[in-house]
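J.: Chain by chain, the residues:
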Amino acid sequence: MLNFLARRLAQIVPTLFFVSVLIFSLQQLLPGDPALVMAGEERDPAVIEQIRHQYRLDQPVPVQYAYWIKGVLVGDFGESLRNKMPVRELIAQKLPVTLQLGAMAIIIAFLIGIPAGIVAAVKKGTAWDYGANFFALWGISTPNFWLGIMLIFLFSIELGWLPASGYVPLTENWRASLAATIMPAFVLGNAIAAILMRHTRSAMLQVLESDYVRTARAKGLSERSVILKHAMRNALTPIITLGALELGTLLSGAVLTEQIFSIPGFGKLIVDAVFNRDYAVVQGVVLVTATVYITLNLVADVAYILVNPRLRG
Amino acid sequence: MTDAVLAATSVTDAGELDSPARRARRRLFKRKAAVAGLLVLIVFILLALLAPLIVPYDPIATSWSLVRKPPTAAHWFGTDELGRDILSRVIYGARASLLAGLISVAIALGIGVPLGLLSGYRGGFVDALISRITDAMLACPFLILAIALAAFLGPSLGNAMIAIGISATPVFIRLTRGQVLSVKAEDYVEAARALGNPDWRIAVSHILPNILPALLVQATLSIAAAIIAEAALSFLGLGQQPPSPSWGSMLNAAQRFLTQAPWMAIWPGLAIFLVVLSLNLLGDGLRDALDPRQR
Numbered sequence: 001m002l003n004f005l006a007r008r009l010a011q012i013v014p015t016l017f018f019v020s021v022l023i024f025s026l027q028q029l030l031p032g033d034p035a036l037v038m039a040g041e042e043r044d045p046a047v048i049e050q051i052r053h054q055y056r057l058d059q060p061v062p063v064q065y066a067y068w069i070k071g072v073l074v075g076d077f078g079e080s081l082r083n084k085m086p087v088r089e090l091i092a093q094k095l096p097v098t099l100q101l102g103a104m105a106i107i108i109a110f111l112i113g114i115p116a117g118i119v120a121a122v123k124k125g126t127a128w129d130y131g132a133n134f135f136a137l138w139g140i141s142t143p144n145f146w147l148g149i150m151l152i153f154l155f156s157i158e159l160g161w162l163p164a165s166g167y168v169p170l171t172e173n174w175r176a177s178l179a180a181t182i183m184p185a186f187v188l189g190n191a192i193a194a195i196l197m198r199h200t201r202s203a204m205l206q207v208l209e210s211d212y213v214r215t216a217r218a219k220g221l222s223e224r225s226v227i228l229k230h231a232m233r234n235a236l237t238p239i240i241t242l243g244a245l246e247l248g249t250l251l252s253g254a255v256l257t258e259q260i261f262s263i264p265g266f267g268k269l270i271v272d273a274v275f276n277r278d279y280a281v282v283q284g285v286v287l288v289t290a291t292v293y294i295t296l297n298l299v300a301d302v303a304y305i306l307v308n309p310r311l312r313g
Numbered sequence: 001m002t003d004a005v006l007a008a009t010s011v012t013d014a015g016e017l018d019s020p021a022r023r024a025r026r027r028l029f030k031r032k033a034a035v036a037g038l039l040v041l042i043v044f045i046l047l048a049l050l051a052p053l054i055v056p057y058d059p060i061a062t063s064w065s066l067v068r069k070p071p072t073a074a075h076w077f078g079t080d081e082l083g084r085d086i087l088s089r090v091i092y093g094a095r096a097s098l099l100a101g102l103i104s105v106a107i108a109l110g111i112g113v114p115l116g117l118l119s120g121y122r123g124g125f126v127d128a129l130i131s132r133i134t135d136a137m138l139a140c141p142f143l144i145l146a147i148a149l150a151a152f153l154g155p156s157l158g159n160a161m162i163a164i165g166i167s168a169t170p171v172f173i174r175l176t177r178g179q180v181l182s183v184k185a186e187d188y189v190e191a192a193r194a195l196g197n198p199d200w201r202i203a204v205s206h207i208l209p210n211i212l213p214a215l216l217v218q219a220t221l222s223i224a225a226a227i228i229a230e231a232a233l234s235f236l237g238l239g240q241q242p243p244s245p246s247w248g249s250m251l252n253a254a255q256r257f258l259t260q261a262p263w264m265a266i267w268p269g270l271a272i273f274l275v276v277l278s279l280n281l282l283g284d285g286l287r288d289a290l291d292p293r294q295r
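Protein sequences appear in the order of chains X and H. The letter at position 149 of the first sequence is residue 149 when you use my numbering, and the numbering goes up by one with no holes. The letter at position 287 of the second sequence is residue 287 when you use my numbering, and the numbering goes up by one with no holes.
No lab work stands behind these hints, which were simulated from the structure alone. Since the model is a prediction, treat every value here as computed from it, not as a measurement. Glycine is no exception: its CB is placed at the ideal position from the N, C-alpha and C atoms. Check each hint, because a few of them may be wrong.
Going by beta-carbon spacing under 7 Å, a handful of chain X positions derived as facing chain H [claimed, not checked]: (1) 13; (2) 18; (3) 29; (4) 34; (5) 141; (6) 143; (7) 145; (8) 151; (9) 155; (10) 161; (11) 226; (12) 228; (13) 230; (14) 274; (15) 295; (16) 298.
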């Protein structure tokens, strides 16, 4: 186990290094003189010169990278061009909002996807199975920003049940907070529910054909206990890893969902930064996202080993 | 395993001698969902190709007397905030979406497959380097990477395609590499090497044809993802620029007028949904048809 952990950690280091190089080199894609782009409306040569010096644009690219990564390693991502706030603070401010949204989305996805997958497998070939498969296809094929707009139309404009946009922190007023986040969380969770359903279904189908399930049935156990106790426990183990892998879908989805519901989270931060040409923020957000993603994958791998006794060495 | 495969194939084609491609095509046409997907897709491709001939109105002609009119006999899908005909814009929007799907996946294939072949066939340092870069790209969520790239490249449909294409590349590198590793040890590759063929010829004429089915399935599913990504970038204003119609930017405008003109939101979204759904159906069908061992 320790060996495995050490090996996985050793793998992460070069990956993170390449991620940082990749994100840093995005800057090289900027058309024209980056100092001019960063200056925006400002055309005073002295100011542009100052920007060039401040961001070390007058030095060779590898030197620029070295300075940048030196800052990043101690949590200094530079500062936002727009409001002069450190990027780190901006991220710390917005991340909890997206985490709440993401957690709710994952809960919704598991609550829909896993039962639907189990029912589809147990009642294979029936209307239940077709219904669940149709739901999965629908979930995978619906663009989440369209679903968001349609839900706003139905639940906010037509029925007036839920607020169309905005965000209230959970600590301030939990009811208002849930009301504001339930629609976006559903939009985010929907696609993941579809993927979870498909995987749960195929894992359950495989397990239901296995010898030990046949034994459990032969013992005269009730079908309920065979499915819930024997089949489900084994079928769901790989789903843990899948949950972590879908985090990328979640973060990508959050960008659009937060935009549609005007939720001041991580996704909105990157979109606003893109439009304000606030490149330090864009780089910081992508780097943090990638790091979180890599870390969660590691956690999922470890969790997978912990719940699967055969893999414990 | 080989025995099982041989047995399976001889049962399915009942002794007939036909090519794997023909057999796969027959299996594909037996799946109703995949055929339905293919038909819907063909309709959209025809709409995109024939757009100038079939649109009832000019998609960018504005009319102040027709601002935000609900669907009528003259304007089946209604009109938008500038009095433009939504049906015509949806039809023209198919061009931007399908083109973006095709070109970005072509970019991803064009970069990903050669790198994957190189990485899988060569191994060693080249493989390690390419694999680590692939890992790094896969660590950035697809859409976030595409948005970041599009942001730095500047907003336009062309740049959106490049951004989406690059973001979709690592999947193809990894898929090609994995496939190469699994066929590299096969006897026919060994035989080709023994005959003295150069590496590049082995990779291109012996390995590549054998991994085409897997690439085709992945490409179909990736086109679906690329179309959603293009719509997302256009929705955010990073793709197709106004006044040219695209489904994503139409949805962006629709959200602003959701209370007054809800019909503006229905059609472009439905179009994206239908195209993506049919590509997913086709992709699933292709996977079953090309690789009966899966599932």
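J.: If you test the structure against every hint from before, which numbers come out violated?
T.: 1, 4, 8, 9, 10, 11, 12, 13, 15 and 16
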